[in-house]
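J.: Chain by chain, the residues run as shown.
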Amino acid sequence: MRRQIVARLAQSLIVVFIVTTISFFVIRSAPGDPFSYDLPSITPTVREHWREQFGYNRPLPEQYTKYLASVAHGQFGYSLGRHQPVSAALAETIPRTLLLAGLSLGLSFAIAIAIGVAQAVRRDGWFDRITSAVLLFFFSLPDFWAALMALLLFTYWIPILPSGGIVDPVMHDYMSGWPALVDRLRHLVLPVLTLSLVTIAGLARYQRSAMLEVLPSDFIRTARAKGLTEREVIWRHALRAALTPMITLLGLGLPALLGGALFIERVFSWPGMGLLAANAIGARDYDLVTATVIAGSVMVVIGNLVADLVHMAIDPRVREWQ
Amino acid sequence: MSGQPRSALWRLVHHRMARWALAVIALLILAALVGPLLVKYNGAEQLDIVALKNRPPSWAHPFGTDQYSRDVLTRVLYGARISLAVATLAVLLSTTVGVAYGLVAGYAGGRVDNAMMRLLDGFMSIPRVLLLLAVLTLWSPVPLSGLIALLGLSGWFGVSRLVRAETRIVRAQEYVESARALGVPTMRILWRHILPNIAAPVLVASTLAVGNVIALEAGLSYLGIGAQEPTPSWGSIFFDGVEFFAGNWWVVLFPGIAIVVTVLAFNVLGDALRDVADPRQVDVARRLPESTLTDPPSMSALQPSENG
Numbered sequence: 063m064r065r066q067i068v069a070r071l072a073q074s075l076i077v078v079f080i081v082t083t084i085s086f087f088v089i090r091s092a093p094g095d096p097f098s099y100d101l102p103s104i105t106p107t108v109r110e111h112w113r114e115q116f117g118y119n120r121p122l123p124e125q126y127t128k129y130l131a132s133v134a135h136g137q138f139g140y141s142l143g144r145h146q147p148v149s150a151a152l153a154e155t156i157p158r159t160l161l162l163a164g165l166s167l168g169l170s171f172a173i174a175i176a177i178g179v180a181q182a183v184r185r186d187g188w189f190d191r192i193t194s195a196v197l198l199f200f201f202s203l204p205d206f207w208a209a210l211m212a213l214l215l216f217t218y219w220i221p222i223l224p225s226g227g228i229v230d231p232v233m234h235d236y237m238s239g240w241p242a243l244v245d246r247l248r249h250l251v252l253p254v255l256t257l258s259l260v261t262i263a264g265l266a267r268y269q270r271s272a273m274l275e276v277l278p279s280d281f282i283r284t285a286r287a288k289g290l291t292e293r294e295v296i297w298r299h300a301l302r303a304a305l306t307p308m309i310t311l312l313g314l315g316l317p318a319l320l321g322g323a324l325f326i327e328r329v330f331s332w333p334g335m336g337l338l339a340a341n342a343i344g345a346r347d348y349d350l351v352t353a354t355v356i357a358g359s360v361m362v363v364i365g366n367l368v369a370d371l372v373h374m375a376i377d378p379r380v381r382e383w384q
Numbered sequence: 491m492s493g494q495p496r497s498a499l500w501r502l503v504h505h506r507m508a509r510w511a512l513a514v515i516a517l518l519i520l521a522a523l524v525g526p527l528l529v530k531y532n533g534a535e536q537l538d539i540v541a542l543k544n545r546p547p548s549w550a551h552p553f554g555t556d557q558y559s560r561d562v563l564t565r566v567l568y569g570a571r572i573s574l575a576v577a578t579l580a581v582l583l584s585t586t587v588g589v590a591y592g593l594v595a596g597y598a599g600g601r602v603d604n605a606m607m608r609l610l611d612g613f614m615s616i617p618r619v620l621l622l623l624a625v626l627t628l629w630s631p632v633p634l635s636g637l638i639a640l641l642g643l644s645g646w647f648g649v650s651r652l653v654r655a656e657t658r659i660v661r662a663q664e665y666v667e668s669a670r671a672l673g674v675p676t677m678r679i680l681w682r683h684i685l686p687n688i689a690a691p692v693l694v695a696s697t698l699a700v701g702n703v704i705a706l707e708a709g710l711s712y713l714g715i716g717a718q719e720p721t722p723s724w725g726s727i728f729f730d731g732v733e734f735f736a737g738n739w740w741v742v743l744f745p746g747i748a749i750v751v752t753v754l755a756f757n758v759l760g761d762a763l764r765d766v767a768d769p770r771q772v773d774v775a776r777r778l779p780e781s782t783l784t785d786p787p788s789m790s791a792l793q794p795s796e797n798g
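Those protein sequences? They're chains R and U, same order as listed. For what it's worth, our numbering labels the leading residue of the first sequence as 63, then goes sequentially. For what it's worth, our numbering labels the leading residue of the second sequence as 491, then goes sequentially.
In short, the hints are calculated from the structure, not lab data. Glycine included, every Cβ here is placed at the ideal spot set by N, Cα and C. Among the hints, a few may not be true.
Stated by the list, open to error - Selected chain U positions facing chain R (Cβ under 7 Å, derived; list incomplete):
#	residue
1	602
2	611
3	616
4	629
5	679
6	749
7	753
8	754
This is chain U alone, in the form it adopts within the complex:
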């Protein structure tokens, strides 16, 4: 390559896989916004419980109907709203909390850092699904806002370890030290000097987390404790289909395909963002679900390369 390095945005737009992922995500958002306006029914409408119960896919009902004679295509489109919104908001929440916690721990250092990290060890040892399952059912029925809050509050541990490690690296840099020597207030140092330098890996982690949370929410709804009736999320469409599973596979297949496409798009975008954030890093490690963002293999991959 010659000349000036291009901006990250330029590289993203010219990344072939990123373009595909962005196009798919844009389509999904469009489908979620406009789709429900174009279909004839609403998501909760029971069309004809006698004639249209559990009908296989046909021209009138391309994705079939479920046991309450509701049109599955309509429900998938309405479900896109819930699934995408829940996942995005939950990840926003978890990223905010994780960044704040990691920044404080990494910047404070010493005993504060130590205590915060031990507490985090505890949080990270609890399998997220098990904890969510426990809390959601004891609190059931949980409204959507509660579901978002719980998904968000149980998802920030990986991000905060990542942020803490990055913060420690940036904090040791000379420009931060000089800012401190000049008497710049701590909040301003964190906001202006540290945050922008750790943004890239956080963005990558958050993008991957969106896909992860969509799958997680679907799983919880499949168990009957996620989004509550009559609000359809992709997962709660399964919950209705799973009883007569062999006889009405389409109720499980089509929302599932929607989930896989979405999760795949976010994973590809996350990978592409990582390439773009650090073009010299040709090949990078990838996370295992959430908890692994922290330790040697992925850390070395996620660090800005001038520190590597």
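Okay, chain R solo, but in the shape it has when bound:
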């Protein structure tokens, strides 16, 4: 068990290394550099001087090894657009994205599991059919468009929720205690709900088929035969077995969730990593862009790692198999 965990950790580190390499080279392969923007007042000499100063005139392999070394020290360079170290910008925005993505992840898993189980139990019944159709519809909604429509509906036509940001830009400073918390929560409602809506649709279908695979098993028949109530059979025995594939999904669904969060952040002006990336990009802020790609990937790697470890902890078959 311990050796497997160490091996799994090592594997994650290798993936992080590969991700860093890919991000570096893909982004550096773009034409130009941070100093090649069009501004007549900057002379070629000045540009050359900047390139010299920041090492952009060095051969690519040398830049790469230097970059790796600084990343290993936790330094991601300096954001020329924001005039602050990249690590500071990330430290400020990542928690906000994690809050958004984390809440959506929790909410969508809880709802998706409930829906999937309810569908599987009464397979092909009216609830199953209607829910399947509705979920397929939500699954086909582009997340940003769903967000735009929610914005239109709940902030312009029925103005009951704030249109964006984390807190009220004016009034929040005058609030304390409950009102301040309520203000924060009100700003969370639309981003979290729209992000969850799209995620639930994909997850519930998995939960449904995982349950359908488990329900005909012998141990379910045994559980029924020994006189357990149907409720106990479904929610204690069947669900527990059908949850293991969902744990793997927890890790695998993360890239999509983070990608969705990026659009949602843009629609609701949620100042997280996605908005940071979108703004960094306009400013040709290479270090910041590279770092956001790496940070997003590292979140995914960590998510996968946690999912695998949880999987190992609860499912003895995985332990033996690995």
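Given the coordinates of chain R, assemble chain U onto it according to the supplied hints.
T.: Same frame as chain R, now just chain U:
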């Protein structure tokens, strides 16, 4: 059921949902091809910047006009060309690359497979949207061909894992082994014996991917880095509407409906294809966006059932 099993095509045509999906997709393609010929304006034409700016839907302009007084219906029809073409070509590219990569890894096995899969782990950990956002803006303005290439080259990871797993299964079958023993060249084994046996799940994955890429391209265009002006794609119509969003919701609503209908049609078709490819599998798991095509729940659903 009695008698001979029907062909896959027969089952597809007789699948009720598949018929609906195919009809909708055919209509969309027709609208994209013929639609622009039937309307009075062209997609980039600014009709009357004073009188017709941001007009709500009316008889003359059923989908309204945008802030540059362009007719939204016309733009949606022209946009259908771009959105459908970009998505289809991008998926063709990603499927080709993914199948090639997966075939090589799965057939080679051993260290080659291991190294290729580790590299793939890296690719799959990078959120696609984030990477596309980075590359597209640093390269902007990206021509349509570049957009297609980038969407395609960032979308093959899931397919290749799927193909690799399927290839490993097929490779272990006796007929492949006997072909190898007979000295059939590797390329021919891959082409004649392995590829046809893994085609069904690849087709399902690709169909679902088309819907996914249409939504993705729309999202990127919404951020202003997808299809560039004056070429309208469904997403870039939003990009123009979003500034005065509350005042001209129709600019966002109608192209959005076009996207939802299209994505829904491709998703339904993908589901139907999966039913058809394996009729004994009554109920199958469905992918989460792209990355999930690989692991236990969906794999068991996608495998040809004689291996299951």
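J.: Compare the structure with each hint and give your call.
T.: Hints and how they fare:
| no. | hint | result |
| --- | --- | --- |
| 1 | 602 | violated (16 Å) |
| 2 | 611 | holds (5 Å) |
| 3 | 616 | holds (5 Å) |
| 4 | 629 | holds (5 Å) |
| 5 | 679 | violated (29 Å) |
| 6 | 749 | holds (6 Å) |
| 7 | 753 | holds (4 Å) |
| 8 | 754 | holds (4 Å) |
Checked against the numbered hints given earlier, the structure breaks hints 1 and 5 and satisfies all the rest.
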